[in-house]
Each structure stands twice: as C-alpha cells, then as structure tokens.
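Protein chains: 4
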Amino acid sequence: MENQSNSKQNQQEHTFTEGLSFEGFRQIMKKFANDRDWNQYHTPRNLLLAFTGEVGELCELFQWKGEVSEGLPEFSEEEKIRVGEEMADCLAYLTRLADQCKIDLTQAILRKMEMNAKKYPVEKCKGKSDKYTSYQEMKEQPQGENQQNQQEQLNIQQQQPEQKIE
Amino acid sequence: MENQSNSKQNQQEHTFTEGLSFEGFRQIMKKFANDRDWNQYHTPRNLLLAFTGEVGELCELFQWKGEVSEGLPEFSEEEKIRVGEEMADCLAYLTRLADQCKIDLTQAILRKMEMNAKKYPVEKCKGKSDKYTSYQEMKEQPQGENQQNQQEQLNIQQQQPEQKIE
Amino acid sequence: MENQSNSKQNQQEHTFTEGLSFEGFRQIMKKFANDRDWNQYHTPRNLLLAFTGEVGELCELFQWKGEVSEGLPEFSEEEKIRVGEEMADCLAYLTRLADQCKIDLTQAILRKMEMNAKKYPVEKCKGKSDKYTSYQEMKEQPQGENQQNQQEQLNIQQQQPEQKIE
Amino acid sequence: MENQSNSKQNQQEHTFTEGLSFEGFRQIMKKFANDRDWNQYHTPRNLLLAFTGEVGELCELFQWKGEVSEGLPEFSEEEKIRVGEEMADCLAYLTRLADQCKIDLTQAILRKMEMNAKKYPVEKCKGKSDKYTSYQEMKEQPQGENQQNQQEQLNIQQQQPEQKIE
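Chains A, B, C and D, in that order, give the protein sequences. Counting in this note's numbering, the final residue of the first sequence is number 491, and the numbers go up one at a time with none missing. Counting in this note's numbering, the final residue of the second sequence is number 491, and the numbers go up one at a time with none missing. Counting in this note's numbering, the final residue of the third sequence is number 491, and the numbers go up one at a time with none missing. Counting in this note's numbering, the final residue of the fourth sequence is number 491, and the numbers go up one at a time with none missing.
Hints should not be assumed to be uniformly reliable.
Between beta-carbon pairs, the in silico distance windows are [stated by the list, open to error]: (1) D:446 - C:365: 17 to 25 Å; (2) B:364 - A:402: 23 to 31 Å; (3) B:391 - C:337: 20 to 28 Å; (4) C:449 - D:448: 54 to 62 Å; (5) B:447 - A:402: 30 to 38 Å; (6) D:362 - C:394: 17 to 25 Å; (7) D:364 - C:427: 29 to 37 Å; (8) B:356 - D:359: 52 to 60 Å; (9) C:449 - A:403: 53 to 61 Å; (10) D:365 - A:401: 43 to 51 Å; (11) C:337 - A:356: 49 to 57 Å; (12) D:444 - A:402: 24 to 32 Å; (13) D:359 - A:401: 47 to 55 Å.
Keeping only pairs whose Cα atoms sit at most 30 Å apart, straight-line, the calculated DSBU-like set for lysine-lysine is [what the hints assert, rightly or not]: (14) A:390 - B:405; (15) C:443 - C:427; (16) B:356 - B:405; (17) C:443 - D:444; (18) A:427 - B:405; (19) C:405 - C:390; (20) C:405 - C:355; (21) D:405 - A:451; (22) D:427 - D:356; (23) A:390 - C:427; (24) A:451 - B:427; (25) C:356 - D:451; (26) B:405 - C:444; (27) D:356 - D:405; (28) B:427 - B:444; (29) A:443 - B:355; (30) B:449 - B:355; (31) D:451 - D:427; (32) A:390 - B:449; (33) B:449 - A:356; (34) C:427 - C:356; (35) C:444 - B:443; (36) B:449 - C:405; (37) C:444 - C:427; (38) B:444 - A:427; (39) B:355 - B:405; (40) D:356 - A:443.
Treat the hints as calculated values from the structure; they're not laboratory data. Where is the CB? At the ideal position from N, CA and C, for every residue including glycine.
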C-alpha cells in the first residue's frame, strides 16, 4: 500500500506551476514595456532579432554537453536556473513579438495543434520514428479549422468562468 | 462623444484569447507525445535543435520584408497565418523542452520578470533607449529570489477567476 | 580627370583581404583544436549548438537598431569590430562542423551556387523581388552536378599546387 | 611497415578542396546579386534574417538524430549532401552580409583567431574541458591587434598578385 503510493509519487509527472496564461504573460510584458516607454523599440524585426539572440544563449548552455538526459542530471543547479532564465527570455520576446504583430498566440497554438493531430493520427504514428521525422514537414498550408471540434479533440478544458476562446 | 468612444474602440488593445495556460499547453503537448510514443525522441538536445529549426522558419517569413510595422500590414492574410503557425511551432518545442528538462516554465518566467523589474526600475529607464539597449546584458547571474514577493510585485495572481492584471 | 578618378575611388568595391581560403581556414581551426586536444569536445552536435550560439550573438548586435544601411553607418567603430568578431566566430564553428562531418565545404559551395545559377537564370530574375522572395524555396533536391562544368561557369580556378598554410 | 603506411593512409586528414578563398566567394556572391539586380533586397538585416533561416534549416537536419559521430555515418548519402547544401547557404548569406556591412571577413577571422590564441594558450588549455567550456565567454572586448604579427603567428601568407575572379 505504502509502496504503491510511494512509487506513484516517484513517477509523479513534472508540471509547470498553474496560474499564468499566455494572455496573462502578454499583459505582464505589455505593461513592462509601457511603463518604460519601450514600445518605440519593439518593432517586429527588432523583437525577432532579440528573440533569436536569446535562442542562441539557450543553445550555448547545451553546447559542450554532449547528449543530455531528461531532467538534466548533467547540469549543476546553477546551470539549470540559467536554462530556465534563457527559456523565460525566449518566451518574453516571442510573446512581445506576437503582441506587436497582433497575432493571437492562443488561437495560433490551438489551431496548429489541431492541424498536427490530423496530420499525425495516433494509430498511424505510434512509436514510429520514421513517421515522426517527417514532423518537420508538417507546417505548410494554413487552414481554417473548426475550433470547437479542435478543442474537443485536444481535451482543452476551459478554465471557468474565463471561458471564451474565440 | 461617439467619436470618442469610436476612437477608444479603435485603440482597443490587442489581446490573446484567454483560457490556455503554460501548464495547460504543457499537458496538451505531453499527451500528444505520449499518445504517439514519441518521448523516446524527445531528448533535450533533439528538442532544442527542433526549436532552433522552427525559429529559423519564423525568421524566413520576415527575411525579405525590410522593416515591418506593428500589426504586419505589409503581410498578406495567409502570411500572417503562417507567422502564427511558426510561433506555435516554436512554443510547442520550447514547452516540450522545458518539460523534458523538468524546468518549471511558469516559475522561470515569473522569476525572470522579477529580476528584470529590479534591473530596469521604471524611474531610471523610462524612454531611454541607451539604457534599454543594455537589456541584452541583463541575464548573467542566477539568483534565488523570494518568489512570494515577486508575485506580489508583478501582481500575478494564481488563477481564478482571472482577475485582470492591468 | 581628377574628379573622375576620385569618383572611381569612392565607388571602389569593398573587398575582403585575399590570401585565406576555406581550406586554409579549416587547417588553422584544425590545428587550433589539435594543439589544445579539443577534438574530443568537437562532436557534430556540440559544434552545431556552438554555431547557433554565435549566430545568436551576431543577431544581438543588430537587435535594437531598426533597419540599418549598407556599411553600417549607424554603428560605432567598436560595434563594427564586434560584428566582425561574431561573424568570425560563426565561421570558425561552421568550418569546424564541416570538417568534423567530413563535408567538403568548397565543393558544397560550388555545387550550391551552380544549382542557384540554374534556378535563377539572369534573364528571368533580374530585379524581380517576387521571383527573389522564392529564393528561400531553392534548396530542396540534392543533385549530382558535373563539377567540372560548374567551376567553368563560375570561373573558379584551382590554385595549384595548393600552397600549404601550416 | 606496410601496415604502418596503410594505417597512415586510413587516418588521412579530411580536407576541403583548395582554390576558393573568402574573397573569391565574396566576388561570386556579389556578381550573382549584381547580375540579378538583387542588391536592393540585400540590406544588412534582410541578409541577417536570411542567414538565421538557413541556420535553422541546418539544425533541422540534425534534430531527431541523437548524438552523431564524426563523418556522419548515421546519415544517408542524400542527407549528407543536404547538410553540405545548408552549410553553403549559411556561408552564402553570411558572406553577403559581411560584404554589405563592409566588414573585411578575412581580417576579422585572422584577428579573432589571434585573440583566441592569446586567450587559450596551448600549455594551459590542453585537454582541459573546464577551460574549454569557458570558450563561450571569450568574445567580449574588441581589440586593435597588430595584424602583421598575427599573420606571422598564424602563418597566413598573402597570395599575390591576388588573382581576380570576375
């Protein structure tokens, strides 16, 4: 009994802290820029280059490591914190970029995952790396999806009362 | 009077649809990979290279455009959809990467924004690009922040029922 | 007369200093790594990530600049030196990567330019940006080219007898 | 005896074909753009984004491979050709970028390697990965180096009389 619950704890899935949405983070970033009067520098291509700069910094943390394992046991605690910081920087600029481009990032994510779900049906792709390696080809044609259906398939539950997605 | 309210409408802030959190997206991506038995391919460096690949594709959409404006009026509707899709791909791989590295992306974002808020106090930075251009230097030393305090300062409230931030 | 020669001088084409070949640089980099016993760290994916890291640093130098002009008049002398350094770092890792992958970079360049010359015939492409914007689609199918022919067309002469640099 | 010479042959160093210099490639790329009247699109940031796009495509070729070995034995012949093509694309845009920025790429490379040689003296760095991992920190301060001296140390000889390609 105890063992069972222990082993359950051990294999407990890693999660992100709840409570921050893409829209919530957009608001934080927007306010941060507004407060400092920085929107004037936040043109789309300036932000895109800032984003690629952060991506480069994230890559640098992995550059001499050889293959690394799930959970980064090969990294020191300080290095793991750095990884999180660089990820945060990537997200900050990508979020600002989407905001300044007036792209609805939430909708873009949901639509794209729906496209992926159709392109990679579970029954055909399960455990097949050959199929999977063509994952990279999967983003050609934009489609106008039925988003209701999409949310059902992807099991997105609306946090209520907050509902509306469209 | 009417004009005023019109102009208010026109300058209405662009928002992302609410209802999707970083943790929610992590779950979607995790389930997507689990269902297809793809975790075996999702090693940290595989995901990192997949992420950089998507970043490259996002860059390609902006490469021959010259400077572009807020809202991307220079892009066709189809191009804007492509931009959203590539952003979604970037986010998908970054989210998977954080998950497989067992990084708490939400906490990483909140900590980093707190560090930024300290480094760029409003009164000193407002409208100063010279200060701002040193933004890129701002991610050297990892710090163990008081996260409670951080969330208070940034006004991040845990979920329910989606209290407005601005 | 004088004016003419002056104006000719002014419009003199920018050149790189001659005397360093791709193979020569490969040798320099190889020796540098050998002398320090660093080949053990120079696995393909380590080098690829180091390369992307340097690309990010190059991007950072352009990130808050808005559109910049030919010759970078908007940059300080120090900034221009930094740009050259980051470009050098990019080239150093790309060269090491090609070497460790046993790719013949010179042949790869010549083949690719030949493919481009066929894909973008002068008469069809001249001054057409619409054609040009599809430049990014031009690298799909590998081809086995006649390299002799290719070098004739591109006027690459082999330097005999291949002066050693080390 | 025979074995010895055989084993020497087997361990023959991989080389790039000689005969193409950085300046020679600059000329090829310049002529290619001139012939098509494409300089108008080749602004620094357009080229920088095109470069990052190609870097992303190079990364994609390595993304699901796990760690790969020297010489890429895990890649098919076709995949290796693709790798060479993407490297060529990276080099093409980086070369155009340096040209349009009026950076002397050859000098930048030589200066940077000289800086690296000073920063990483053989006797201190040999086989030490801990030293090596700080390689990424080595590009902070621009310096005005004695280039004569530098070229002597690196044994770069100037090829006179600089055979013209165009």
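To see whether the hints hold, each was checked on the structure:
In this structure the supplied range 17 to 25 Å holds for residue 446 (chain D) paired with residue 365 (chain C), their Cβ-Cβ distance being about 19 Å. The supplied range of 23 to 31 Å is met by residue 364 (chain B) and residue 402 (chain A), whose beta-carbon atoms lie about 25 Å from each other. Range check, residue 391 (chain B) to residue 337 (chain C): about 27 Å between beta-carbon atoms, so the 20 to 28 Å window is met. Between residue 449 (chain C) and residue 448 (chain D), the C-beta spacing of about 58 Å keeps the proposed range 54 to 62 Å intact.
In this structure the hint that residue 447 (chain B) and residue 402 (chain A) lie 30 to 38 Å apart at CB holds, the actual value being about 32 Å. Look at residue 362 (chain D) against residue 394 (chain C): about 19 Å separates their beta carbons, and that is inside 17 to 25 Å. The hint said 29 to 37 Å for the Cβ distance between residue 364 (chain D) and residue 427 (chain C), and at roughly 35 Å that hint holds. Here the CB-CB span from residue 356 (chain B) to residue 359 (chain D) is close to 53 Å, well matched to the stated 52 to 60 Å.
Evaluation of the 53 to 61 Å hint for residue 449 (chain C) and residue 403 (chain A) yields a pass: the beta carbon distance comes to about 56 Å. One distance hint, 43 to 51 Å for the beta-carbon pair residue 365 (chain D) and residue 401 (chain A), holds here, with the actual separation near 50 Å. A hinted range of 49 to 57 Å holds for the C-beta pair residue 337 (chain C) and residue 356 (chain A), which are about 51 Å apart. Between residue 444 (chain D) and residue 402 (chain A) the Cβ separation comes to about 28 Å, which falls inside the hinted range of 24 to 32 Å.
For residue 359 (chain D) and residue 401 (chain A), the Cβ-Cβ distance of about 52 Å falls inside the hinted range of 47 to 55 Å, so the restraint holds. About 37 Å separates the Cα atoms of residue 390 (chain A) and residue 405 (chain B), which puts this hinted pair outside 30 Å; it is violated. Between the alpha carbons of residue 443 (chain C) and residue 427 (chain C) the distance comes to roughly 27 Å, so the proposed pair stays at or under 30 Å and holds. For a cut-off of 30 Å, the pair hint linking residue 356 (chain B) to residue 405 (chain B) stands: about 28 Å separates their Cα positions.
Taken as a hint, the residue 443 (chain C) and residue 444 (chain D) pair is broken in the structure, with Cα atoms around 45 Å apart against an allowance of 30 Å. With a CA separation close to 9 Å, the supplied pair residue 427 (chain A) and residue 405 (chain B) stays within the 30 Å bound. For the proposed pair residue 405 (chain C) and residue 390 (chain C), the alpha carbon gap of about 13 Å is at most 30 Å, so the pair holds. Using a Cα cut-off of 30 Å, the hinted pair residue 405 (chain C) and residue 355 (chain C) holds, with the two alpha carbons roughly 27 Å apart.
Between the alpha carbons of residue 405 (chain D) and residue 451 (chain A) the distance comes to roughly 28 Å, so the proposed pair stays at or under 30 Å and holds. Among the hinted pairs, residue 427 (chain D) with residue 356 (chain D) is consistent with the structure: their alpha-carbon atoms are about 16 Å apart, no more than 30 Å. A threshold of 30 Å between alpha carbons decides the hint, and for residue 390 (chain A) with residue 427 (chain C) the separation of about 22 Å falls inside it, so the pair holds. A C-alpha spacing of about 24 Å is found between residue 451 (chain A) and residue 427 (chain B), which places the hinted pair at or below 30 Å, so the restraint holds.
As the CA atoms of residue 356 (chain C) and residue 451 (chain D) are separated by approximately 12 Å, the hinted pair is consistent with the 30 Å bound. At roughly 27 Å between alpha-carbon atoms, residue 405 (chain B) and residue 444 (chain C) fall within 30 Å of each other, so this suggested pair holds. Between residue 356 (chain D) and residue 405 (chain D) the CA atoms are separated by roughly 28 Å; this keeps the pair inside 30 Å, and the hint holds. Our distance criterion of 30 Å between C-alpha atoms is met by residue 427 (chain B) and residue 444 (chain B), whose separation comes to about 27 Å.
A threshold of 30 Å between alpha carbons decides the hint, and for residue 443 (chain A) with residue 355 (chain B) the separation of about 17 Å falls inside it, so the pair holds. Only pairs whose Cα atoms come within 30 Å are accepted, and residue 449 (chain B) paired with residue 355 (chain B) is rejected, the gap being roughly 42 Å. Between residue 451 (chain D) and residue 427 (chain D) the CA atoms are separated by roughly 36 Å; this puts the pair beyond 30 Å, and the hint is violated. Distance restraint check for residue 390 (chain A) and residue 449 (chain B): the Cα-Cα separation of roughly 39 Å exceeds the 30 Å cut-off, and the hinted pair is therefore not satisfied.
Among the hinted pairs, residue 449 (chain B) with residue 356 (chain A) is consistent with the structure: their alpha-carbon atoms are about 16 Å apart, no more than 30 Å. The hinted pair formed by residue 427 (chain C) and residue 356 (chain C) meets the criterion: a straight-line CA distance of about 16 Å does not exceed 30 Å. Among the hinted pairs, residue 444 (chain C) with residue 443 (chain B) is inconsistent with the structure: their alpha-carbon atoms are about 53 Å apart, more than 30 Å. Our distance criterion of 30 Å between C-alpha atoms is met by residue 449 (chain B) and residue 405 (chain C), whose separation comes to about 28 Å.
This hinted pair checks out: residue 444 (chain C) and residue 427 (chain C) have alpha carbons roughly 27 Å apart, not beyond 30 Å. With a C-alpha separation of about 28 Å, the suggested pairing of residue 444 (chain B) with residue 427 (chain A) holds against the 30 Å cut-off. In summary, the hint linking residue 355 (chain B) to residue 405 (chain B) is supported, as the alpha carbons are separated by about 27 Å, within the 30 Å threshold. A C-alpha spacing of about 46 Å is found between residue 356 (chain D) and residue 443 (chain A), which places the hinted pair above 30 Å, so the restraint is violated.
The structure is inconsistent with the numbered hints 14, 17, 30, 31, 32, 35, 40, although it conforms to all the rest.
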